[in-house]
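Please build the complete structure, drawing on both the sequences and the hints.
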Amino acid sequence: MSNTASTRPGFLVRLREGGPRAILMQLALVAAVVGALVYLVVNARAALQAQGMTSGFGFLTQATSFSMGEGYFNFTPSDSYLRAFAAAIGNTIVISAVSILTASALGALIGVAALARNPILRGVAQSYVYLFRNTPQLLQIIFWYSFFALLPPVRDAWSLGFGIFASNRGLTLPAPENGSVLTLMLIVLVAAFGVSTLVMRKLRERVDLAMSPRSLGLLRAAMVLGPVLIVWLAAGAPRGWSVPELGRFNYTGGATLAPEFMALYFGLSFYIAAFIAEIVRGGVQSVDAGQIEAARTVGLSEGQIMVRVVAPQALRIIIPPLAAQYISLLKNSSLGVAVGYPELFSVANTSLTYSGRTIEVLVLMAGTYLLISLCVGLGAAFINRLTQYPSR
Amino acid sequence: MTTMPLSRAMAAENAAARPAPPAPSRFVRTRQQLFASPGAGVVTVVAALALAAILWPAIRWALLDAVWYAPEGAAACAQPGAGACWAVIAEKYAVILFGNYPYDEQWRGMLIVGVWIFWALLSALRFVPVRIRLAGWALIFVGSILLMGGGVFGLTPVGTDKWGGLPLTFLIFGGTVAGGLPLAVALALGRRSRLPILAALCTGIIEFTRGVPLLVVLFFAALILPLFLPPELNVNKLVRAEIGMIVFFAAYAAEAIRGGLQSLPNGQDEAAKALGLSYVLRLRKVILPQAIAAALPSLFNDIVRAFKNTTFFSILGLFDVLGATKIALQDPEWIRYTTEGYLFIFALYFVFGSGLSLYGRALERAHLTRLRKAGK
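Those protein sequences? They're chains G and V, same order as listed.
Using our numbering, the first residue of the first sequence is number 1, and each one after it goes up by one.
Using our numbering, the first residue of the second sequence is number 1, and each one after it goes up by one.
A hint or two may mislead.
[Stated by the list, open to error] If you want a taste of the chain V side facing chain G, the calculated C-beta under 7 Å gives, among others: (1) VAL212; (2) VAL280; (3) LEU322.
[Stated by the list, open to error] Derived Cβ-Cβ restraints for the label pairs, each shown as a range: (4) V:GLN268 x G:ILE23: 25 to 35 Å; (5) V:ASP331 x G:GLY377: 37 to 47 Å; (6) V:PRO129 x G:SER286: 29 to 39 Å; (7) V:VAL130 x G:ILE23: 39 to 49 Å; (8) G:ARG21 x V:VAL130: 35 to 45 Å; (9) G:SER286 x V:GLN268: 41 to 51 Å; (10) V:SER278 x G:ALA31: 26 to 36 Å; (11) V:ALA366 x G:PRO320: 22 to 32 Å.
Source of the hints: derived by calculation from the structure; they are not laboratory data.
Each residue gets a CB set at the ideal place from its N, CA and C atoms; glycine is no exception.
In structure tokens, the structure reads:
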């Protein structure tokens with residue numbers, strides 16, 4: 001996109017070179033678009049006023065007076081709309097983040113398996129891609145929801161080992177007693193990983209660097225794990241794990257992931273994983289066979305070839321389409337409305353009914369989705385620049 | 001006694017040409033791949049055992065222990081040891097496939113589905129000229145709408161609120177592609193236009209639509225748009241939702257077509273200009289045929305996605321296959337067997353979805369062959 005923009009003459013130059021006729025026609029176009037928009041908004045205002053509804057963003061501080069299914073962040077009917085929206089955006093981000101992580105790991109695994117020499121592995125990987133790619137995502141989400149809804153009640157829950165139970169209440173699993181510390185540690189882990197990547201790049205660029213790869217690796221491990229450890233110690237080193245135990249009607253202890261969450265999580269991750277698998281397969285295949293042969297000749301092991309030779313070159317091809325899939329996953333988290341998971345679209349949809357502020361809620365919702373898509377796009381562009389060959 | 005050959009070269013000259021060593025049979029080749037090394041052998045055994053451990057219970061549930069037919073009701077499926085309850089499909093197939101369409105008129109839906117599948121297969125074989133294929137699709141599309149709606153040729157009128165199931169899914173999909181492609185071409189040309197305001201406007205429309213979820217676009221078109229229109233203008237809900245689908249599809253397809261336009265060397269347009277062709281003629285005869293051929297593979301991804309996205313209509317309270325299945329499975333008697341119902345339409349969507357993507361792959365290969373023949 002930026003390439004074509006830079007080879008083109010600027011906006012004003014192009015406006016002038018068209019001549020007066022082109023300018024007039026385009027001004028008429030602008031007038032028509034603006035006129036149509038004003039006409040639509042005036043209509044909506046009149047219709048809303050006829051129904052006795054006020055407008056403006058003042059409603060954001062009022063109480064919602066509705067509640068929704070269980071999410072990662074929750075709100076009560078007495079909370080304000082602003083809080084409800086914040087919780088909804090948080091839920092969208094949380095479910096998208098865990099789904100993106102799962103889909104990436106699963107997709108990479110399946111993509112590599114699709115290239116395996118073993119026909120069984122290859123067959124399984126290809127069938128997975130075929131099944132999950134060629135069927136609608138919404139159907140998959142609703143299927144998982146019906147699957148979780150039909151699991152046995154808590155009394156006869158399936159025990160999956162490690163203290164994990166599946167029942168029609170969802171998935172119950174052991175959790176650390178102090179959940180917020182764990183969340184903070186995870187955030188710090190991701191941030192430290194990002195920072196360490198940048199620092200490592202700067203270090204490797206230095207010619208006079210006298211550090212062995214081994215000590216570089218140790219330094220990096222310290223940079224990533226150190227801050228996490230500090231957070232843990234600062235919080236008083238909480239170690240307690242809460243393990244679910246069957247009470248009379250329900251589990252006590254542990255954490256329960258509701259069926260709505262699980263359905264959306266499975267539906268988002270498994271579908272996108274099939275697309276990521278195809279992207280990974282294409283990326284690995286794009287690496288020149290001569291590169292791999294050369295790496296074998298200098299005596300690298302198969303694992304080293306994958307990590308040192310194939311992966312860095314494949315990443316250059318993988319990252320742009322991968323980012324498109326991440327954005328697609330983020331946007332399709334709006335399908336949570338089909339199973340009642342309180343993410344942004346569901347909450348906006350219900351707020352719209354309760355508050356009657358159609359235009360305001362729509363602007364908020366569409367604006368948030370645009371902003372999130374834009375952020376992921378920019379982040380991907382940044383990482384993409386890091387992985388490209390340094391230009392000389 | 002034969003004399004010894006004087007040299008190896010002479011021996012080679014005298015010897016009869018040896019046949020090529022026999023190629024290992026398919027079975028032998030597979031065995032070699034499965035047990036190439038001890039490590040590979042272990043992987044094979046572990047993978048086969050894991051696969052069997054998953055597949056065997058699945059086969060028992062889905063085939064061996066399944067209840068296929070239960071005329072006396074769901075009780076037959078509730079027996080201990082019973083596997084999948086496919087009887088729910090036998091019971092509900094009419095609602096799943098045709099929604100709330102009046103029972104006596106469902107032959108129309110069957111006819112539509114039959115004709116669409118027949119023409120799709122005929123088009124996929126590619127011995128019918130493209131012009132006739134496209135004209136056939138246009139005729140079938142208009143004919144299907146007339147047949148579904150009735151009110152002509154003595155057919156009883158059926159309101160769009162009663163439309164549903166597979167015929168509706170086909171019509172939504174057909175309408176999306178038919179309406180979306182021209183809009184996509186217009187948006188792509190507009191975005192590449194040298195008129196800066198027009199280009200900015202088209203870019204804005206494309207990027208905005210691509211930046212929000214399809215659900216937001218559909219929601220806006222189906223539920224919010226009436227609020228913005230004067231009360232006298234009453235557009236059918238199905239048509240409004242379809243407009244949303246078309247705009248969303250067009251925004252993605254426009255990017256695919258723009259890619260095709262960018263792949264054309266400038267010389268094509270310049271040569272056509274030098275011949276004195278008008279803008280419309282240049283587009284029709286030179287630019288678009290090549291650009292669309294180049295864009296076809298990625299365009300086909302969007303088309304497959306448009307087919308899968310027809311399910312979004314169920315969220316708006318319309319009865320495409322998924323929406324119709326939801327109401328079919330609400331029957332309290334069969335409510336424990338919703339999983340089977342969804343698996344059935346999963347298979348249905350899988351057949352159509354993979355058919356479409358296989359056709360897309362074939363088109364991509366044909367395009368590559370054409371490029372190679374053209375020496376590119």
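Hints and how they fare:
1. VAL212: Status holds, d = 5 Å.
2. VAL280: 17 Å, violated
3. LEU322: At about 6 Å, which falls below the 7 Å cut-off, the nearest Cβ of chain G leaves the hint on LEU322 (chain V) intact, so it holds.
4. V:GLN268 x G:ILE23: 25 to 35 Å: Holds, at about 29 Å.
5. V:ASP331 x G:GLY377: 37 to 47 Å: 45 Å, holds
6. V:PRO129 x G:SER286: 29 to 39 Å: 37 Å, holds
7. V:VAL130 x G:ILE23: 39 to 49 Å: Between VAL130 (chain V) and ILE23 (chain G), where Cβ atoms are some 40 Å apart, the hint holds.
8. G:ARG21 x V:VAL130: 35 to 45 Å: This hint holds: roughly 38 Å between Cβ atoms.
9. G:SER286 x V:GLN268: 41 to 51 Å: Because 28 Å falls outside the window, the suggested range is violated.
10. V:SER278 x G:ALA31: 26 to 36 Å: Check passed, 28 Å falls within 26 to 36 Å.
11. V:ALA366 x G:PRO320: 22 to 32 Å: 26 Å, holds
Checked against the numbered hints given earlier, the structure breaks hints 2 and 9 and satisfies all the rest.
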